[in-house]
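Let the hints inform the model, and build the full structure from the sequences given.
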Amino acid sequence: MMTKLNEEEEEEEEEEEEEEEEEEEEEKKEEGEEKEKEEEEEEEEKEEKEEEEEKEEEEEEEEEEEEEEENISKHYDLPEEQSSHSTRSFNKLLKNVISVIKINIYVA
6 MMTKLNEEEE EEEEEEEEEE EEEEEEEKKE EGEEKEKEEE EEEEEKEEKE EEEEKEEEEE
66 EEEEEEEEEE NISKHYDLPE EQSSHSTRSF NKLLKNVISV IKINIYVA
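FYI, the numbering for the sequence shown is 6 to 113, going by my numbering.
Because the hints were derived from the structure by calculation, they are not lab data. Because the structure is a prediction, the values reported are computed rather than measured. There may be inaccurate statements among the hints.
Think about it this way: if two alpha-carbon atoms lie no more than 30 Å apart in a straight line, the pair counts; the simulated BS3-like pairs of lysine-lysine are [claimed, not checked]:
id : residue 1 : residue 2
1  : K40       : K51
2  : K33       : K51
3  : K107      : K54
4  : K54       : K40
5  : K54       : K42
6  : K97       : K107
7  : K51       : K34
8  : K60       : K100
9  : K97       : K60
10 : K60       : K42
11 : K60       : K107
Using C-beta positions, here's what the derived DEER-type ranges look like [what the hints assert, rightly or not]:
id : residue 1 : residue 2 : range
12 : N76       : K54       : 31 to 39 Å
13 : E48       : E24       : 31 to 39 Å
14 : S78       : I110      : 18 to 26 Å
15 : N11       : E32       : 25 to 33 Å
Even for Gly, the Cβ is constructed at its ideal location relative to N, Cα and C.
Set out below in structure tokens:
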């Protein structure tokens with residue numbers, strides 16, 4: 006009788022231990038999944054921030070280019086009535102050359 010009781014108690018204890026181990030493993034899996042999700046979210050946030058920064062930089066560069074073009078046109082452009090056809094053509098050519106140089110500098 007005592008041995009049967011002892012055996013049953015041991016079996017119950019073993020079952021409880023197995024259940025506890027399974028629960029611990031499940032908790033570890035859940036924690037791992039949560040960590041992965043958090044890491045993915047952090048990576049996405051970083052990527053979004055980088056994209057926003059790149060867009061802002063591009064916008065700033067475009068604004069600077071527009072300002073430079075305006076400054077160039079102020080210095081080199083005469084009113085339409087005062088300039089000859091060849092001067093206007095030269096100014097357009099000059100603007101194009103300056104734009105190409107800017108692009109080459111930006112690419113390099």
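Hints, one by one, checked against the model:
The hinted pair formed by K40 and K51 meets the criterion: a straight-line CA distance of about 16 Å does not exceed 30 Å. With a C-alpha separation of about 27 Å, the suggested pair K33 and K51 falls inside the 30 Å cut-off, and the hint holds. Simply put, K107 and K54 have alpha-carbon atoms about 27 Å apart, close enough for the 30 Å limit, and the pair holds. Straight-line distance between C-alpha atoms of K54 and K40 comes to about 21 Å, which keeps the hinted pair within the 30 Å bound.
For the given pair, K54 sits about 18 Å from K42 by alpha-carbon distance, which is consistent with the 30 Å threshold. Our distance criterion of 30 Å between C-alpha atoms is met by K97 and K107, whose separation comes to about 15 Å. Of the supplied pair hints, the one linking K51 and K34 holds, its CA atoms being roughly 26 Å apart against a limit of 30 Å. Proposed proximity of K60 and K100 is supported: the alpha carbons are some 25 Å apart, at most 30 Å.
Restraint check for K97 and K60: the C-alpha separation of about 29 Å stays at or below 30 Å, so the hint holds. Between K60 and K42, the direct Cα distance comes to roughly 27 Å. Compliance with the 30 Å bound is thereby established for this hinted pair. Our distance criterion of 30 Å between C-alpha atoms is met by K60 and K107, whose separation comes to about 19 Å. A hinted range of 31 to 39 Å for the beta carbons of N76 and K54 is consistent with their spacing of about 33 Å.
Separation of E48 from E24 is about 36 Å and conforms to the stated range, judged on CB atoms against 31 to 39 Å. Roughly 20 Å separates the CB atoms of S78 and I110, a value that falls within the hinted 18 to 26 Å. Take N11 and E32: their Cβ atoms lie about 31 Å apart, and the range 25 to 33 Å holds.
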